[in-house]
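There are 2 protein chains.
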Amino acid sequence: MAERVVVIGAVALGPKAAARCKRLCPEAHVTLIDQSTRISYGGCGIPFYVSGEVNRVDELQETPYHTLRDAAFFKTHKGVDVLVRTRATAINRAERTITVENVDTGAVSTVPYDKLVLAMGSSAFKPPLPGLELAGISAATNLEEAEFLRAEVAAGRVNHVVVVGGGFIGLEMAVAFADMWGIPVSVVELADQILPNFLSDGLSHMAVQDLQGHSVQVYTGEKVLRFEGEGGRVARVVTDKRTIEAELVVMAAGVRPNSELAVAAGLAVAERGQVLVDEQLRTSDPNIYAGGDLASVKNLVTGKPGWFPLGSMANRQGRVIGTNVAGGSATFPGAVGSWGIKLFDYAAAGAGLTIEAARREGFDAIKVHMNQLDRAHFYPERDLMTLELVAERGTNRVLGVQGISPNGDALIARINAVAYLLGHGCLVEDISNLEVVYTPPFASAMDIINALGNVAENILAGRLVPLEAEEFATLWQARLQGDVYFLDARAHKDAEAMVEKYPGEWHSIPQDEIAARIGEVPKDKPIVVLCNTGLRSYEAQLGLAAHGITNTRSVLGGMSSAKRLGSKI
Amino acid sequence: MAERVVVIGAVALGPKAAARCKRLCPEAHVTLIDQSTRISYGGCGIPFYVSGEVNRVDELQETPYHTLRDAAFFKTHKGVDVLVRTRATAINRAERTITVENVDTGAVSTVPYDKLVLAMGSSAFKPPLPGLELAGISAATNLEEAEFLRAEVAAGRVNHVVVVGGGFIGLEMAVAFADMWGIPVSVVELADQILPNFLSDGLSHMAVQDLQGHSVQVYTGEKVLRFEGEGGRVARVVTDKRTIEAELVVMAAGVRPNSELAVAAGLAVAERGQVLVDEQLRTSDPNIYAGGDLASVKNLVTGKPGWFPLGSMANRQGRVIGTNVAGGSATFPGAVGSWGIKLFDYAAAGAGLTIEAARREGFDAIKVHMNQLDRAHFYPERDLMTLELVAERGTNRVLGVQGISPNGDALIARINAVAYLLGHGCLVEDISNLEVVYTPPFASAMDIINALGNVAENILAGRLVPLEAEEFATLWQARLQGDVYFLDARAHKDAEAMVEKYPGEWHSIPQDEIAARIGEVPKDKPIVVLCNTGLRSYEAQLGLAAHGITNTRSVLGGMSSAKRLGSKI
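Sequence lines, in order, name chains V and B.
All residue numbers for the first sequence refer to our numbering, where the first residue is 1 and numbers rise by one.
All residue numbers for the second sequence refer to our numbering, where the first residue is 1 and numbers rise by one.
Chain V extracted, bound-state conformation (with noise of 0.2 Å):
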């Protein structure tokens, strides 16, 4: 008898699934079963439709060519059936069935299974505050939210969004409102920086100056306690700290997996409730697969249990799921989180842990900082791209790529370069050697992302002594109370102005100069060394050392990063 596969939601693992297995196997009877009658979209879409430049709802759901995928879709070209408006309410085991309920009806039957996919997803985190039952506030996680927040703002009646979450969703929202709409949004984050567990505090600085410069204000560190209304409308957000007026509420506060049917079932999850699966995508009922936001996969940069609730996840884990129901035998390894999110004029990316993430994780970690253009320095056009490479002590194993820049392209071909080593144990030396494209309209000769592998090598040999740039700015902010020498190590006419602007603390030795200014350079005190970009500071470092002054310290990425993270110098 031909399986019968049995598919529990319809958005994207699971139409991935339904169509990889009956491609594989066309005798199976495949089933996908969603509560909606809106299946198979682009979630990841909403922020551009909200914003207009998606113009039509539909065209989250349609293929390249302009075929809505609806039910009568997966029927006539890939030979599924799809059951809408149909909630499951159980999965029974022992006796290879699941409950469905129709939505509409409210009749009851069962569908009974050979093999069931679990493709239900997450649904937006909507934490339990007073007022969050007004009009006027939502989630932007499903295509009725998205008309609905559309809706709003193409009416004329919102003068001002307040997104809760700095997380992708909160701040690709916060974008299509002010950049195309030009509302004013606020951001509340209960984190201390947006985008955390993904960019290092010191790039999110970088993001929040991008976000801060077109009418989006971040408040980040703040917790929203309650939301007040007006004639049953959200009027208010009111925070620990203050109150910000708002005709519009998006709840971007994170997400959760739809795993309550797994729990009631018995199937194995992990702490927050993922569904847990092996390498196969298998539960842990061998009848039974998982993946997308519901499912946790192996982290292969820490080797822990992951969860990386993104759309390309979802594909890639649907298309090994439909070969494994097939018969076929296919695995997904794990991740190691790469993620990309577009902003105003920057993008940011990155792949891997964060220099926070790791030192949690309990790795003994550095970062390295670095700005460099992203072409050929003499190529007319070219951004400065920021980057930082997060490596182990002691193994010089690479953990983590992050990164922001003007030109996201350009930014990615970085972050995509180191993702797959990461997973795979590999070495700053690794990175040093990264065979990357070289052409001056796109690459240096000594690329970013080789210069950065050079200097994490550096620093973790004891070559290279690294002070933050963040660092730098505070023990600059506290130079009167401090006993520190500032050394800039930049040409004179470079240094000049800092020099007339702090007499007495700021000192001017040019890199080339110092051996025969050695004599000037105090014995007795810590020494903070900078240039431009953090390469001659280096050498000048060596210079030092070479004299017998170790006490030093090499800004990271220079004045170049100390500017672009505000520091008022």
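A portion of the hints provided could be inaccurate.
[What the hints assert, rightly or not] In silico DSSO-like pairs for lysine-lysine, Cα to Cα no more than 27 Å straight-line:
(1) Lys493/B <-> Lys75/V
(2) Lys563/V <-> Lys493/V
(3) Lys523/V <-> Lys75/B
(4) Lys523/B <-> Lys501/B
(5) Lys493/V <-> Lys75/B
(6) Lys493/B <-> Lys563/B
(7) Lys525/B <-> Lys501/B
(8) Lys241/V <-> Lys126/V
(9) Lys75/B <-> Lys241/B
(10) Lys493/B <-> Lys525/B
(11) Lys501/V <-> Lys525/V
(12) Lys523/B <-> Lys75/V
[As the list claims (entries may be wrong)] Quick list of the computed label-pair ranges, beta carbon to beta carbon:
(13) Pro286/V <-> Lys563/B: 41 to 51 Å
(14) Ile518/B <-> Arg360/V: 51 to 61 Å
(15) Thr89/V <-> Lys563/B: 43 to 53 Å
[What the hints assert, rightly or not] Not the full set, but computed from the structure, chain B residues with beta-carbon under 8 Å of chain V:
(16) Phe48
(17) Lys342
(18) Ala349
(19) Ala376
(20) Phe378
(21) Tyr379
(22) Pro406
(23) Gly408
(24) Ser432
(25) Val436
(26) Asn532
By construction, these hints were calculated from the structure, which means they are not laboratory data.
Glycine residues also receive a C-beta, built at the ideal position from the N, C-alpha and C atoms.
For chain V, the structure is supplied; the task is to place chain B on it using the hints.
Positioned in the frame of chain V, the structure of chain B alone reads:
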């Protein structure tokens, strides 16, 4: 006693090795030797100086902060002695000296070394053609030639340029003259295609379309016989097929390693003269190192000695040599040959083997050709990217990736993602699961690179029986002689025009109607199935197979590939 390190050649690898050595070992005595006064410049920038995009030639020799990297710079900033206008004439391995000659005075002397670094690079190959001595014929590999070429066009006396050679330098020079100066250019290439060994024949056609759309005429499979002059100056280039007017000729027919000294000294060299080195970049004499354009390093795809004359190689290898001559231990395991080039509206890039190169190397290889948008298909700003993946039958090993796209950064983001894998025995399954950055403004949820892996896997498993777009064009042109049934699996509205134009020759059966109309499909003929991109034709092929019709082939990349190849259908 401090080590004496002597470096012959001061363009790319030499200065890098010298500076790195001094940083690691300040007490070493490092001497850089070059026959020119112009050292440490970005030779890859020459086309952009000739075009005018780079304003002053000195910019190619400057740091990003506009300090000229001349002999004085290396002395004061790096502690490296530089002997300019000094030509090395012999390596005396027994006594560990080199013989040098002052280019101006002819004075001869010897320079002792403990470690010697050979960084002489390569020179333009100049085929011994009649008329080569005429004024107005120049290579484009050093700054003097760059200045000559720019002065010629700036003077307004050049109305037509001929470039001999359709490799990287040749095409970049062609673009420089045509794009920025508006001068028509003819490129004459001996091989049957431009960028042989870097692009497949099919992709090279797309590159030619871009060139020919911008006043660069491309003549492939054509041999230059002689140059004819008037008054001592070149006036015409005579090939085996035509005579082309030219007031300026750029010789870009490849480069040859400057290995005469190494050969004379008895060092081991490869067939074409490249110096053989081990992973530490040591030659057959353990006191002599070599790298850059001069040396052969392992091709990590074939496992054989390879040659990668690229500025990025020289820089990365220079650092490795610098570490090793300073007493450290660094390795350069080899390369896969990542490359990129910006043309007019398109850029091309790749890594590893093309399908032709793979077959020549004895691999039983397949090629997957694909066109896909470089962003989520609903995102408004996007380009169609064409990528090819080369993989080995039997092992499923990935051997190469090449592509062409209007957005060079986005293309390189995919090439960089794969390059490392090519050198590490990775499989098409790794490409299917490859974790590239996903966000709608910069990638698809099922990104083109993953889709390529998926299609390769389907072909290697025998599920998808492919027909290259080139072969399709051939079959279609021979349709009256042949006995092939052409089945258009697109929706009726897309197929209509072709059916009307070619009644009885072009058959429309949309993929979702195959089962119902299976009787219309002939069982006794080879069937070619096609759609827009190749997905529905694959599904149609599976649908036909389910009804016992297996003599079918699905056109890879579909109509979009066929049209981009210039097929007249």
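For each hint, the structure was consulted:
As the CA atoms of Lys493/B and Lys75/V are separated by approximately 20 Å, the hinted pair is consistent with the 27 Å bound. Annotation: proposed proximity of Lys563/V to Lys493/V holds, straight-line Cα distance about 18 Å (limit 27 Å). Of the pairs offered as hints, the one joining Lys523/V and Lys75/B holds, with about 26 Å between alpha carbons and a cut-off of 27 Å not exceeded. Proposed proximity of Lys523/B and Lys501/B is supported: the alpha carbons are some 25 Å apart, at most 27 Å.
The hinted pair formed by Lys493/V and Lys75/B meets the criterion: a straight-line CA distance of about 20 Å does not exceed 27 Å. This hinted pair checks out: Lys493/B and Lys563/B have alpha carbons roughly 18 Å apart, not beyond 27 Å. Restraint check: the Cα-Cα separation between Lys525/B and Lys501/B comes to about 22 Å, which is no more than 27 Å; the hinted pair holds. Straight-line distance between C-alpha atoms of Lys241/V and Lys126/V comes to about 21 Å, which keeps the hinted pair within the 27 Å bound.
For the hint linking Lys75/B to Lys241/B, the alpha-carbon distance of about 54 Å lies beyond 27 Å, and the restraint is violated. Straight-line distance between C-alpha atoms of Lys493/B and Lys525/B comes to about 26 Å, which keeps the hinted pair within the 27 Å bound. For the suggested pair Lys501/V and Lys525/V, the alpha carbons sit about 22 Å apart, so the restraint of at most 27 Å is met. The straight-line distance between the Cα atoms of Lys523/B and Lys75/V is roughly 26 Å, inside the 27 Å bound, and the hint therefore holds.
Taken as a hint, the range 41 to 51 Å holds for the pair Pro286/V and Lys563/B, whose Cβ atoms sit roughly 48 Å apart. Between Ile518/B and Arg360/V the beta carbon distance is about 60 Å. The supplied range of 51 to 61 Å therefore holds. The supplied range of 43 to 53 Å is met by Thr89/V and Lys563/B, whose beta-carbon atoms lie about 50 Å from each other. Given hint, Phe48/B at the interface with chain V, holds; its Cβ is 6 Å from that chain's nearest Cβ, closer than 8 Å.
A distance limit of 8 Å between C-beta atoms decides the matter here; for Lys342/B the minimum to chain V is near 4 Å, and the interface restraint holds. Given the 8 Å rule on beta carbons, the hint for Ala349/B holds: about 5 Å separates it from the nearest Cβ of chain V. About 6 Å separates the beta-carbon of Ala376/B from the nearest beta-carbon of chain V, less than 8 Å, and the hint is met. Interface restraint check: Phe378/B against chain V, minimum CB-CB distance 4 Å, threshold 8 Å, status holds.
For the restraint placing Tyr379/B at the interface with chain V, the shortest Cβ-Cβ distance is roughly 6 Å, inside the 8 Å limit, so the hint holds. Interface restraint check for Pro406/B: the shortest CB-CB distance to chain V comes to about 11 Å, outside 8 Å, so the restraint is violated. Taking 8 Å as the C-beta contact cut-off toward chain V, the hint placing Gly408/B at the interface holds, the least distance being around 5 Å. With a cut of 8 Å, the hint placing Ser432/B at the interface with chain V holds, because the nearest CB-to-CB distance is about 7 Å.
Because the smallest distance between the Cβ of Val436/B and any Cβ of chain V comes to about 5 Å, under 8 Å, the interface hint for this residue holds. At about 6 Å, the closest approach between the beta carbon of Asn532/B and any beta carbon in chain V falls short of 8 Å, and the interface hint on this residue holds.
Hint compliance for this structure: hints 9 and 22 are not met, and every other hint is.
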